[in-house]
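Kindly produce the complete structure, drawing on both the sequences and the hints.
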Amino acid sequence: MRVKVLSRNPDDYVRETKQDLQRVPRNYDPSLHPFEVPREYMRALNATKLERVFAKPFLASLDGHRDGVNCMAKHPQSLSTVLSGACDGEVRIWNLTKRECIRTLQAHEGFVRGICARFCGTSFFTVGDDKTVKHWKIDGPGYGEEEEPMHTILGKTVYTGIDHHWKEAVFATCGHQVDIWDEQRTSPICSLTWGVDSINSVKFNPIETYLLGSCASDRNIVLYDMRQSTPLKKVILDMRTNTLCWNPMEAFIFTSANEDHNLYTFDMRFLESPVMVHMDHVSAVLDVDYSPTGKEFVSASFDKSIRIFPVDKGHSREVYHTKRMQHVITVKWTSDSKYILCGSDEMNIRLWKANASEKLGVLAPREKAAMNYSQKLKEKFHHHPQIKRIARHRHLPKAIYSQAKEQRIMREARRRKELNRRKHSKPGSLPFVPEKKKHIVAVVK
Amino acid sequence: MFSLAALSVLKAQTPLEQEIFSLLHKTKQPVTDPLLTPLEEASLRAMSLEEAQLRRAELQKARALQSYYEAKARREKKIKSKKYHRVLQKGRSRKALKEFEVLKKLDPEAALTKLEEMERPRIEERMSLKHQNKGKWARSRAIMAKYNLEARRAMQEQLAKNKELTQKVRVEPESDEEIDMTGEGLLPDSVNQVQPSMEGANPWMLGKPSSEAKDSGTQEDPKDTRESAAPEDAGNEEEVVSEEEILLQDFEQRRCARQQQAGSPERHSEWARPDVEIRNSQPRESRLGIWSPGQVEPAVQEPEGPLLSEQLGRLQTLEEMDALGQEEGAEEQAQPWPTRALQGPEEEGSFGEERPARKQKKMINLQAVLAEESHVDALGADLCLWQEEKEEDEDQRLMIKEAFAGDDVVADFLQEKHKAEQAGKPEAVDLVLPGWGEWGGTGLRPSARKRKRPCSLICLIVSQVPHQVNELPFPFDHCQQFERSVRAPVGPTWNTQRGFQKLTAPRILTQPGHIIQPISAEEASPRSAVPIRWNLAGFSCSHPLGGRVA
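Residue numbers (UniProt numbering), protein chains in the order written: chain A, 1 to 445; chain B, 1 to 550.
Treat each hint with caution, since some may be false.
Derived lysine-lysine pairs resembling DSS-like cross-links, with alpha carbons at most 25 Å apart [claimed, not checked]:
#1 295(A) to 502(B)
#2 380(A) to 502(B)
#3 423(A) to 436(A)
#4 502(B) to 338(A)
#5 378(A) to 502(B)
#6 417(A) to 437(A)
#7 313(A) to 437(A)
#8 502(B) to 368(A)
#9 313(A) to 436(A)
#10 233(A) to 437(A)
#11 502(B) to 376(A)
#12 130(B) to 146(B)
#13 167(A) to 74(A)
#14 359(A) to 74(A)
#15 359(A) to 502(B)
#16 368(A) to 295(A)
Simulated from the structure, these hints should not be mistaken for lab results.
Here is the structure:
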């Protein structure tokens with residue numbers, strides 16, 4: 001009798017070892033997989049919707065300060081530590097994983113104006129309204145010891161900011177003028193000054209480490225070279241800059257947070273016109289910090305929100321706000337580029353996710369692949385109107401929304417007026433001033 | 001009498017016929033073969049069903065217009081506010097002067113006569129000295145003037161008016177002088193007269209609704225009279241009926257004119273087309289004029305604009321997002337007003353009529369009435385009629401079928417529907433460019449092989465029109481490029497596993513829990529040994545400690 005059976009060779013469908021993947025026979029013939037574009041489009045649409053559903057960026061609020069948080073500093077070696085100084089002179093060290101305060105010390109009488117950590121991570125500096133610079137150890141006092149700074153420097157004028165060099169044992173303070181100090185000395189090694197007004201903040205360049213930038217009250221940003229002991233050049237803007245931050249991946253780019261609700265990204269070699277003007281805030285921008293990848297930065301504003309901007313775009317890609325968060329004074333982007341910390345007027349430090357709908361923690365490889373795929377699809381179809389509309393939608397509190405609307409009206413009115421003026425005057429009598437150059441008054445060498 | 005005569009003429013030939021005729025005679029129905037009276041016959045021949053519907057719609061419109069204008073006139077008559085009248089007079093005088101200017105250029109003789117007319121109020125004032133403060137009121141005020149500042153001022157105003165009125169007429173368009181409230185002024189009296197009607201004896205059909213609405217004085221008007229408009233409208237309907245006959249004649253003429261034109265429906269489009277509406281051509285040109293130097297202006301930072309659309313509402317569930325999608329249709333018509341404000345002054349001229357129309361929507365839904373497409377209604381009604389007939393007697397059905405044997409109503413309706421659909425679809429932009437291996441230049445047809453298909457219409461099902469891209473996004477130059485970028489699938493169903501991984505690899509890879517150090521100066525310098533990869537934005541990405549940036 002003849003029996004017909006199907007027979008297959010197991011070599012064709014069984015994997016060779018347990019370490020190998022399963023063999024999945026696939027036929028990539030496109031006629032078997034029709035409607036590629038509509039199917040992918042629907043997947044992109046669903047991915048966009050889910051992204052909005054899962055966009056819950058707020059993680060935690062660190063409670064403990066008894067006055068508004070004035071300044072913050074990141075620990076250079078530890079991701080889970082952050083230091084903050086309050087308006088009553090208190091400095092607290094927080095553990096982010098446990099979300100609690102691990103150490104408190106009364107650093108100054110009056111505001112803690114600036115705080116910065118040394119690059120080695122063992123100590124930190126604070127300056128306050130009591131005209132002192134204090135040098136503290138990160139580890140708390142041992143048993144029986146008192147809470148005391150390692151070193152105190154008494155100055156003659158109030159210091160408003162401090163920043164430490166990225167490589168050497170040098171730090172700079174600003175107040176009446178910019179002073180560069182050696183850690184061992186009690187008097188500055190050099191004082192740099194240009195102009196008569198006080199200086200708000202000073203920052204060292206992380207890449208070209210001999211460069212400094214400072215923001216003064218007379219609306220200018222001054223750049224210094226530490227090696228020459230002279231100011232390099234300055235740019236005068238329309239309104240005062242509150243702080244500036246250097247891009248950790250680009251040697252000469254820095255972003256300044258200005259009182260006229262904008263942020264300006266400059267290339268220090270060409271200060272005549274900023275690389276980009278970032279507009280979206282409706283009130284003065286108080287602080288700015290770069291992501292360690294150098295692609296984005298976060299800004300904190302007097303309108304009670306923080307915004308994340310891409311470096312190459314003029315508008316923000318994300319806005320975070322909470323009913324309980326009042327004027328945000330200081331903001332930091334953690335060194336692993338995943339979290340954002342902001343300290344605000346109402347004594348809280350809040351921890352947010354940098355990507356609002358990201359899933360934290362360890363992801364299985366399939367999960368990661370699926371997330372990469374949805375991300376790629378969202379990028380591919382992001383021009384399509386339905387996807388664009390859902391992806392762009394953000395909620396704003398009423399106050400900010402109405403402010404933004406009002407400012408839009410004002411801007412349009414000004415623009416219309418200019419157009420009319422140009423239309424009714426001799427051609428060429430009104431020159432076209434590009435938006436970027438409008439806010440710069442002068443550059444002085 | 002008619003039926004008797006008919007009976008006497010006809011002879012019932014069969015018993016059936018006899019029965020029927022007797023029945024008809026009993027009920028006094030016409031007996032002869034055409035079952036309609038001559039009058040009915042005539043009227044039936046005169047208009048087909050469609051025309052009847054058309055006429056009915058026209059009558060409706062006419063009635064609505066009439067009632068609207070009546071209500072408006074009544075409202076305006078009631079206004080006592082001095083400011084309103086002052087402003088109105090100013091507007092009228094300005095218009096009159098402008099017309100006079102135009103008339104001067106066109107017809108100098110008529111201009112001369114008009115000038116004489118304009119002289120009339122001046123002559124009257126000089127003759128009567130009405131504002132010379134010699135009347136009873138003026139005398140009483142003069143006594144008070146010694147003690148009362150207000151009285152003094154009033155007298156001075158009167159004297160000033162006198163001076164103005166006795167001035168010779170200057171033919172400048174900007175005469176912003178105060179004009180007498182009572183209507184005498186630099187105006188010819190003809191402005192106040194009813195303009196002779198051009199078409200028929202219908203005084204209500206004068207003027208244009210837009211020009212009326214544009215009057216500067218009407219700002220107070222809607223506020224004052226919005227409340228009184230509603231009860232007034234109800235009362236107007238009955239009074240208008242008597243004037244229907246006049247309107248009917250009017251519409252007869254109009255219909256004849258319309259039938260000569262092509263049969264496409266008049267769309268009440270929001271956007272003025274220069275070939276259809278000539279009066280909007282000038283503001284449209286000025287709009288173009290404004291924008292051409294504006295486009296040269298390098299004030300635009302980036303072509304994208306804001307990256308976020310910030311709203312007051314939250315999107316938390318999938319249902320809310322679906323609802324967002326459906327709102328888009330409504331939103332697109334009312335553009336977001338910042339962009340609207342961009343075109344603000346240019347829009348004002350051509351679309352000024354839209355705003356007063358919107359303002360007056362509360363009072364009467366005139367625009368809605370005017371915008372009705374009557375012939376579609378006719379066909380729709382016809383279909384209903386058709387369905388109703390089915391339920392009734394067979395006889396009547398047959399009768400109507402005979403009557404409208406010439407019209408294929410259903411087919412007509414489908415045709416119209418198809419036309420409407422076609423018009424609604426986006427036009428396929430024919431951007432055919434001869435590509436590699438083909439001749440280019442004017443007058444050459446690219447090969448049939450390369451015929452272009454519309455942007456992303458083949459990729460997405462045509463019914464999903466709202467899902468398609470409206471305009472070519474920024475980095476792409478041609479439709480084809482964009483289409484190609486969208487067409488290539490990314491998923492694991494269509495690509496090998498390795499290919500899929502490479503396609504979906506993220507641009508920035510960071511290790512969780514690792515600190516990303518800033519780049520070092522050696523790496524950042526141009527002569528560094530470490531290879532630095534540049535991404536599209538021109539920013540370098542290289543390998544810092546602990547994190548890998550791809």
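Evaluated hints:
1. 295(A) to 502(B): With Cα atoms ~22 Å apart, residue 295(A) and residue 502(B) stay inside 25 Å; holds.
2. 380(A) to 502(B): holds (15 Å)
3. 423(A) to 436(A): This hinted pair holds, its Cα atoms lying about 22 Å apart.
4. 502(B) to 338(A): holds (24 Å)
5. 378(A) to 502(B): Holds, at about 16 Å.
6. 417(A) to 437(A): Holds, at about 19 Å.
7. 313(A) to 437(A): holds (17 Å)
8. 502(B) to 368(A): holds (13 Å)
9. 313(A) to 436(A): Holds. Residue 313(A) to residue 436(A) sits at ~13 Å (cutoff 25 Å).
10. 233(A) to 437(A): holds (17 Å)
11. 502(B) to 376(A): With a Cα-Cα distance of about 11 Å, the restraint between residue 502(B) and residue 376(A) holds, given a limit of 25 Å.
12. 130(B) to 146(B): At roughly 22 Å apart (the allowed maximum being 25 Å), residue 146(B) and residue 130(B) satisfy the hint.
13. 167(A) to 74(A): holds (16 Å)
14. 359(A) to 74(A): OK: residue 359(A) and residue 74(A) at ~24 Å, within 25 Å.
15. 359(A) to 502(B): holds (22 Å)
16. 368(A) to 295(A): holds (22 Å)
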